[in-house]
Amino acid sequence: MRIAIASGKGGTGKTTIASSLAYVAAKQGKSVAYLDCDVEEPNGHIFLKPTIEHIVDISKRIPLIDESLCVHCGRCAEICQFGAIACMPQRTLVFSESCHSCGGCELVCKVGAVKETKRRIGELRIGRSGDIEFVDGTLDIGEAMSPPAIRAVRETQLEADLQFLDAPPGTSCPAVETVRGCDLTVLVTEPTPFGLNDLKLAVEMIRVLDVPFGVVINRSDLGDDGVVRYCELQGIPVWAEIKDDRRIAEAYSRGDLIVDVVPEFAQVMERLLCKITKQKQ
Amino acid sequence: MQDHKTEAINALPLLKDRPVRELVVVSGKGGTGKTSLVASLAATSTETVLADCDVDAADLHLVMHPSTYQTESFSGGNRAVIQSERCTGCGKCEELCRFDAISWSGPGNGRAAITLEVDPIACEGCGVCMHFCEAKAIDFKPAVNGRWFLSETRCGPMVHAELGIAEENSGKLVSLIRKEATELAKRKGYDKVLIDGSPGVGCPVIASITGADLALIVTEPTLSGMHDVERVFALTHHFQTPTVLCVNKWDLNPAITQEIEAVAERQGVRSIGRIRYDRAVTDAQIQKMSIVEHQEFGVAKDVRDICEKVWEML
Chain A
1 MRIAIASGKG GTGKTTIASS LAYVAAKQGK SVAYLDCDVE EPNGHIFLKP TIEHIVDISK
61 RIPLIDESLC VHCGRCAEIC QFGAIACMPQ RTLVFSESCH SCGGCELVCK VGAVKETKRR
121 IGELRIGRSG DIEFVDGTLD IGEAMSPPAI RAVRETQLEA DLQFLDAPPG TSCPAVETVR
181 GCDLTVLVTE PTPFGLNDLK LAVEMIRVLD VPFGVVINRS DLGDDGVVRY CELQGIPVWA
241 EIKDDRRIAE AYSRGDLIVD VVPEFAQVME RLLCKITKQK Q
Chain B
1 MQDHKTEAIN ALPLLKDRPV RELVVVSGKG GTGKTSLVAS LAATSTETVL ADCDVDAADL
61 HLVMHPSTYQ TESFSGGNRA VIQSERCTGC GKCEELCRFD AISWSGPGNG RAAITLEVDP
121 IACEGCGVCM HFCEAKAIDF KPAVNGRWFL SETRCGPMVH AELGIAEENS GKLVSLIRKE
181 ATELAKRKGY DKVLIDGSPG VGCPVIASIT GADLALIVTE PTLSGMHDVE RVFALTHHFQ
241 TPTVLCVNKW DLNPAITQEI EAVAERQGVR SIGRIRYDRA VTDAQIQKMS IVEHQEFGVA
301 KDVRDICEKV WEML
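Sequences listed follow chains A and B, in order.
Its first residue numbered 1, the first sequence is counted upward by one per residue in my numbering.
Its first residue numbered 1, the second sequence is counted upward by one per residue in my numbering.
Be aware that a few hints might be false.
Dumping the calculated DSSO-like pairs for lysine-lysine here, alpha-carbon to alpha-carbon at most 27 Å [unchecked claim]:
id	chain 1	residue 1	chain 2	residue 2
1	A	K115	B	K309
2	A	K30	A	K49
3	B	K92	A	K110
A few chain B residues facing chain A, derived, Cβ under 8 Å [unchecked claim]:
id	residue
4	D59
5	G125
6	L163
7	G171
8	C203
9	P221
10	T222
11	S224
12	L235
Pairwise CB distance ranges (calculated) [claimed, not checked]:
id	chain 1	residue 1	chain 2	residue 2	range
13	A	D260	B	I114	30 to 36 Å
14	A	E53	B	P142	42 to 48 Å
15	B	G189	A	K115	51 to 57 Å
16	B	Y277	A	K115	53 to 59 Å
17	B	G268	A	T117	49 to 55 Å
The hints are simulated quantities; they were obtained by calculation from the structure and are not laboratory data.
Even glycine gets a Cβ: it sits at the ideal position worked out from N, Cα and C.
I would like the entire structure built from these sequences, with the hints used as guidance.
Pasting the structure below:
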């Protein structure tokens with residue numbers, strides 16, 4: 001079972017909840033994996049402190065032009081929808097940051113001057129945190145496109161029955177890439193106008209992707225009742241509410257696993273896990 | 001007299017062409033207070049165009065309540081659509097698509113018992129399927145990926161957008177918003193654009209910081225905040241954007257605040273202030289106000305000092 005932990009708004013507590021759920025589930029003897037799909041800013045390792053066993057380059061395919069064969073006909077530049085190839089009378093240039101690896105340029109080249117090669121865009125790390133299988137991806141600085149790196153994290157072969165995917169914030173390609181095809185999504189929000197607005201966007205995204213979901217309200221006693229009313233009106237289940245607690249904020253700031261420090265929080269996570277695993281049936 | 005007049009006339013085109021300076025607020029980690037700070041920056045500035053470049057989860061309008069006078073649609077690229085009546089069911093498109101966007105799920109027709117279909121969410125708009133379709137059964141037309149708006153607010157004009165649900169091309173939309181904001185500033189004779197950026201270090205963030213005159217990073221004193229802000233330092237360094245830093249909710253962990261400021265200094269990034277933790281910031285948001293409009297002292301003073309410093313630097 002694959003469970004994505006997502007949110008429209010950043011900083012609502014995705015990583016806290018994803019890492020805590022993984023930890024609580026592993027403690028109960030379940031076979032668990034944690035996959036950090038927030039490849040632009042992966043933070044799960046700070047809390048789970050994994051022992052890394054393998055580090056692999058994440059790469060994407062980009063065209064390599066063999067100038068000795070190229071006749072500068074311009075077909076490759078013409079098919080490229082992403083402005084990644086410029087064909088000039090004497091030279092054909094590739095802007096690899098813009099390349100989406102669609103392979104069109106190689107297919108249209110009549111003289112075999114375009115061959116695909118690999119370009120590193122980030123790093124995949126695989127390891128363990130106690131009984132939890134751990135995977136994270138980190139996009140190299142200056143690389144624009146995170147979906148291929150997220151795909152690499154998602155496609156890592158894991159044995160665990162219960163896999164928690166920590167999603168990046170937002171509602172566009174990186175979040176979609178993480179949530180798509182999951183069995184369930186936990187949407188984390190906070191009861192503020194910003195939290196509500198971004199929750200609505202996230203709900204619309206998830207409905208398009210057709211993944212069952214429920215909401216967790218973090219810092220639930222702050223702000224106003226807009227989120228609760230919205231969920232009621234939309235018939236969206238609220239699976240957990242976590243009260244604002246300075247002990248949680250401080251433990252988080254130090255990179256401690258909050259379930260170890262705040263027992264009430266551990267109970268909320270256990271109940272949440274119970275609800276999630278029940279959804280499966 | 002004559003000389004003064006000539007001087008004034010000569011100065012006119014210069015004034016019209018005075019360069020527009022762009023300030024961008026980013027954070028790496030989400031939820032550190034970018035939009036709240038942007039609202040305060042807007043409230044403490046004049047002759048500034050606001051640009052909400054967090055197109056993925058735009059929130060600035062909730063505090064600025066803009067009145068929109070112009071709405072445009074945004075297309076970041078084309079999208080493939082298979083016309084099932086023309087499809088011969090050869091499967092070439094499915095074989096060539098690198099994005100698993102094509103499947104055998106279309107209705108049958110006279111020629112094929114089953115046809116192919118494009119998943120609009122998975123389609124990246126590369127056009128390879130259309131190019132190699134022998135039956136010419138694939139349309140490839142501009143997709144509407146979102147909308148953008150020109151609006152007026154109490155703190156000046158604002159350019160903002162709404163990316164369609166589960167859409168891509170957010171980087172292109174960010175570039176468009178920035179361009180429109182700069183042009184609007186020029187038309188109005190304003191000299192500043194204030195950009196609310198998005199979290200992360202990927203495509204929309206790169207699109208919002210490249211070529212900006214100053215980046216203000218707002219972070220929080222947590223190990224996550226520190227880890228993420230170091231990646232943003234590397235990014236602004238990579239794109240050679242001058243950068244300053246402020247730490248929000250600094251008193252949550254004074255030791256990590258100090259550590260972050262020390263890291264910043266080693267990277268040549270100046271720290272220009274600290275903002276204390278105060279629930280009044282959330283109260284202000286609920287009342288659709290920036291904190292500097294909401295109150296005068298305490299946390300509002302911290303924020304106001306930072307705003308003044310930043311505007312002076314720009």
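Okay, the hints, checked on the actual structure:
For the suggested pair A/K115 and B/K309, the alpha carbons sit about 52 Å apart, so the restraint of at most 27 Å is broken. Taking the CA atoms of A/K30 and A/K49, the gap is near 19 Å; set against the 27 Å cutoff, the hint holds. With a C-alpha separation of about 19 Å, the suggested pair B/K92 and A/K110 falls inside the 27 Å cut-off, and the hint holds. About 4 Å separates the beta-carbon of B/D59 from the nearest beta-carbon of chain A, less than 8 Å, and the hint is met.
For the restraint placing B/G125 at the interface with chain A, the shortest Cβ-Cβ distance is roughly 6 Å, inside the 8 Å limit, so the hint holds. Interface restraint check: B/L163 against chain A, minimum CB-CB distance 6 Å, threshold 8 Å, status holds. Using the Cβ-Cβ criterion of 8 Å, the hint placing B/G171 at the interface with chain A is satisfied: the shortest such distance is roughly 6 Å. At a threshold of 8 Å, the smallest CB-CB gap from B/C203 to chain A is about 4 Å, leaving the interface hint in force.
Look at B/P221: its Cβ gets to within about 6 Å of chain A, closer than 8 Å, so that hint holds up. Because the closest C-beta pair between B/T222 and chain A is about 4 Å apart, less than 8 Å, the hint holds. With a least beta-carbon distance of about 4 Å to chain A, the hint placing B/S224 at the interface is held under the 8 Å criterion. Using the Cβ-Cβ criterion of 8 Å, the hint placing B/L235 at the interface with chain A is satisfied: the shortest such distance is roughly 5 Å.
Look at A/D260 against B/I114: about 54 Å separates their beta carbons, and that is not inside 30 to 36 Å. Between A/E53 and B/P142 the C-beta distance comes to about 47 Å, which sits within the given range of 42 to 48 Å. Restraint check, B/G189 to A/K115: a C-beta distance of roughly 53 Å satisfies the suggested window 51 to 57 Å. Remark: the range hint 53 to 59 Å for B/Y277 to A/K115 is upheld by a beta-carbon distance near 56 Å.
Distance hint for B/G268 and A/T117: a CB-CB separation of about 35 Å, inconsistent with the stated range 49 to 55 Å.
Consistency with the previously given hints fails for numbers 1, 13 and 17, ordered from lowest to highest.
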